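Asks: Assemble the complex: chain A is given as a structure, and chain B must be docked to it using the hints.
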Amino acid sequence: MQSAPGSVVVPRNFRLLEELEKGEKGIGDGTVSYGMDSADDMLMRHWTGTIIGPPNTVHDGRIYTLKIYCDESYPDRPPQVRFQSRIQMSCVAPNGVVDPRVFQVLGRWSRQYTMETVLTELRREMAQPHNRKLPQPPEGSTY
Amino acid sequence: MDGQLPRRIIKETQRLLSEPVPGISAAPSDDNLRYFNVIILGPDSSPYQGGVFKLELFLPEDYPMAAPKVRFLTKIYHPNVDKLGRICLDILKDKWSPALQIRTVLLSIQALMSAPNPDDPLDENIARHWKTNEADAMNTARQWTAAHAQPA
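So the sequence lines, in the order shown, correspond to chains A and B.
First residue of the first sequence: 10, per the numbering used here; consecutive thereafter.
First residue of the second sequence: 1451, per the numbering used here; consecutive thereafter.
Think of the hints as simulated: they come from the structure by calculation, not from any bench.
Note that this is a predicted model, so its numbers are computed, not measured.
Certain hints may be false.
FRET-style restraints, in silico, Cβ to Cβ [said to hold, decoys possible]:
#, chain 1, residue 1, chain 2, residue 2, range
1, B, 1564, A, 81, 30 to 40 Å
2, A, 97, B, 1547, 53 to 63 Å
3, B, 1593, A, 117, 40 to 50 Å
4, A, 70, B, 1578, 39 to 49 Å
5, A, 97, B, 1561, 53 to 63 Å
6, A, 27, B, 1601, 24 to 34 Å
7, B, 1533, A, 34, 16 to 26 Å
Some chain B residues judged to face chain A by a derived CB distance under 7 Å, without partners named [said to hold, decoys possible]:
#, residue
8, 1482
9, 1485
10, 1508
11, 1533
Using N, Cα and C, we set each Cβ at its ideal position, and we do this for glycine too.
Isolated chain A (complex conformation) (with noise of 0.2 Å):
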């Protein structure tokens, strides 16, 4: 596991239910949010993430799910992530899948990092000057 010597590793399965616990409280001003697909999935892999669209850009009021998995090696390695909704943006592949290779939070993933890092993070890049203006597929649309 990658950490500092002697600090206090969280296993996989309590992060995810403090991630969890978290998600079902609400997050600061609710742009983005996240639970569990399924109540029963005792190994907590399936997660849905909505992301609502940053004022004054082109996805302004759009509400974006998101599928999010995390595997065994999560949060040593990061999730996996994928847009249900159509979007146009520099770092979503044309089937929806957010590239690591783009999208540095996945690229350069750090145990710190959750799923409201990774949904904060992507609207933030929603935002960004190269992704703002972009033409979008018509609301509502899904892969």
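Replies: Okay, now just chain B, sitting in the frame of chain A:
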């Protein structure tokens, strides 16, 4: 990492290994000495009798000022355990005291298996089942034990 592990945790671990509680085993994992693999045998005369229940336990950074975190990994039909294996037990929450230990926590979970408390439920459906038809609920619990809690 061993060098940084608080003495209290080392002592508790040694005692858990040298004087195990009957029906309970708890051993730290090789790569994280705060993370324990736990097995609790279903108590006799409970619907969990004959079952082998796996749990995981983690001692957070502020242990023993904060309670250990514990969850069932084996599916169990019990009014105080939810679908994710989380356990509703007062000493894991507001009744935690640093005077308690890993051993006390595991004994309390074993006792909770013997005496489910449907008046303080975590799973409302199972609790309702327990309160309206205890015999039938215990039957379901026995079926789950047979289906999910068998030794590998």
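Asks: Please name the hints from earlier in the document that this structure breaks, with their numbers sorted from lowest to highest.
Replies: Failing hints: none at all.
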